[in-house]
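**Q** Just so you know, the protein sequences line up as chains R and V, in that order.
In this text, residue positions in the first sequence follow the UniProt record's numbering: the first is 1, and each later residue adds one.
In this text, residue positions in the second sequence follow the UniProt record's numbering: the first is 1, and each later residue adds one.
Please keep in mind that the hints were generated in silico from the structure rather than gathered at the bench.
Some hints here could point you the wrong way.
As the list claims (entries may be wrong) - To give a feel for the contact side, a few chain V residues facing chain R, derived at Cβ under 10 Å: (1) N114; (2) L165; (3) F195; (4) Q198.
What the hints assert, rightly or not - Take a look, some chain R residues computed to stay more than 10 Å from chain V by CB distance: (5) I9; (6) G122; (7) Q129; (8) P143; (9) P184; (10) Q199; (11) N235; (12) I241; (13) P267; (14) I277; (15) D282; (16) K287.
Only a predicted model underlies this, so the values are computations on that prediction, with no experimental measurement involved.
Virtual Cβ for every residue (Gly too), placed ideally from N, Cα, C.
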Amino acid sequence: MKTNNERSIEKVTQPGTPHFVGDGFRVHNFIPGTSTMQRMDPFIMLDYNSKYNFPATDKPKGVGVHPHRGFETVTIAYKGRVEHDDSSGGGGIIGEGDVQWMTAASGVLHKEFHETEWSKTGGEFQMVQLWVNLPAKDKMSPPKYQAIVNSEITKITLADNAGEVEVIAGDYQGYKGAASTFSPVNMFNLKIKKGAKTQLSFPANYTTALLMVEGDAKVNGSTNAPQDHFVMFSNDGESFIVEALNDAVVLVLSGEPINEPIAAHGPFVMNTQEELIEAFQDFNTGKFGYLED
Amino acid sequence: MQLPNFKKFLIEKGGLSEKEFVQITPFIRTKKIPNNEFLLKSGEVCSHSFFVEQGVLRFYALNEEGKENILQFATENWIVSDRGSVFFQEPSTYYIDAIEDTLTVLLDEEFVTNVVNINSRFRTQNEKLLQNHIRHLYKRISLLIGASAKVRYLEFVSMYPDIMLRVPQWMIASYLGITPESLSRVRKALAKENFKPQ
């Protein structure tokens, strides 16, 4: 029975057949795969590399030079290490527990590979890449990076020592996330111990979903959310309850829809078809800069 | 099977009405080609023209050293074929393979006749497509003979706006008749000219 302010579950999606992005990311696509960009607004893409063992190699695997314009890419490293470079001269390493929040905005070229040292031994790799849309007024703003190392992420202990919440972005009970965002976005790692339960609450109109990164949970008392599944909520209430069936890590996403037209093609997400054509022209004629493969 | 691109093609370029498109639907035959697989190999007689509904094909020859020389890419809405082999029923000296998982619509004389029986204007429209193809080839030859690598590249990306994201650089260099290093130099020079960091 649905309680008064309970947010019900729209659907639970199991991970689909994985595909490779480049040769370094073996991902299940949940957004827009399970729904549409419009429905998931402001979360317009989510690729999930569930745990996968990459063998040792001297030649790091990854994705070669490619552009982005019109949104932000958020990379959350759960296992493994990724190094990246871009056309504005930026670059760095995303280690386990770290988050890289890249505002592509007016455009960058970048490439992402398994870290050279990590590649030499290989091992278990698990990562999320999420695209967060930008409001029209910010789509052509200058690109920037927020390299958020795990030690900078606010961590709140749950009552009764039930676990903790890492606030990557947004607001958890008054505690602010490490990342700044252009529109209201909440992004938490909920690390919850076996048997414990906790309630989360977001405005009803916020697009809200869970990714079961580790372990299994029961949501709203009755729905099973097994490991690697994606839980999409309706907009009929605010709060929901997550109960861990074993020690679990849950990526919690909740953002206010931007509610602007979306014109998307490949790595460009704009508002109109004309802006998309311009993005391709700008990319082809070097306006995103240059980055060696 | 939904074929939005082919439908649009027959209506906009072929002069058919929505109703006529429905009438020709029973005659449409499609073929899926997984990435890296062939539609045509040298020595075979090419049976069809291939309309690309979704995906990317390339049409190429091998030189005496086994190097691939790419004559044409076919992304969505392009038609690719060894027209000479089809028309004269002689073995092809070319290859057509897929660079992405590709869905094609098979075009041949029988299909054209079926469409013409429904709308006779299609005969002229089909002729126009052939003439357009010849015009495109003239332009391509003159660019290869006379234009700088930069001009060739810019012509190429205006014709295939999203192809830089779908096809490896070395294939693009092959199409342009330049080395991959020259292609890098052209792109670097364009970036130097046009990139204005904010």
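**Q** Now tell me, hint by hint, if it's right for this structure.
**A** Taking the hints in turn, this is what the structure says about them:
Given the 10 Å rule on beta carbons, the hint for N114 (chain V) is violated: about 34 Å separates it from the nearest Cβ of chain R. Residue-level restraint check for L165 (chain V) holds (minimum Cβ-Cβ distance to chain R is 6 Å; threshold 10 Å). Because the smallest distance between the Cβ of F195 (chain V) and any Cβ of chain R comes to about 4 Å, under 10 Å, the interface hint for this residue holds. Interface hint at Q198 (chain V): satisfied, since its Cβ lies 4 Å from the closest Cβ of chain R, which is below the 10 Å cut-off.
The claim that I9 (chain R) lies off the interface holds: its Cβ sits roughly 31 Å from the closest Cβ of chain V, which is beyond the 10 Å cut-off. With a least beta-carbon separation of about 25 Å from chain V, G122 (chain R) lies farther than 10 Å from that chain, consistent with its non-interface assignment. Q129 (chain R), annotated as away from the interface, keeps every beta carbon of chain V farther than 10 Å; the closest lies near 17 Å. Listed as a non-interface residue, P143 (chain R) fails to keep its Cβ farther than 10 Å from every Cβ of chain V; the least gap is roughly 8 Å.
Listed as a non-interface residue, P184 (chain R) keeps its Cβ farther than 10 Å from every Cβ of chain V; the least gap is roughly 25 Å. No beta-carbon of chain V is positioned within 10 Å of the beta-carbon of Q199 (chain R); the least distance is around 43 Å. Consistency note on N235 (chain R): stated as away from chain V, and its beta-carbon is indeed over 10 Å from all of that chain's, at 30 Å minimum. For I241 (chain R), the requirement that its beta carbon stay farther than 10 Å from each beta carbon of chain V is met, with the minimum near 41 Å.
At the 10 Å boundary, the C-beta of P267 (chain R) falls inside the reach of chain V, the nearest C-beta of that chain being 7 Å off. Annotated as non-interface, I277 (chain R) brings its C-beta within 10 Å of a C-beta of chain V; the closest such distance is 7 Å. Separation of D282 (chain R) from chain V is inadequate, the least Cβ-Cβ distance of about 8 Å not exceeding the 10 Å criterion. Separation of K287 (chain R) from chain V is inadequate, the least Cβ-Cβ distance of about 5 Å not exceeding the 10 Å criterion.
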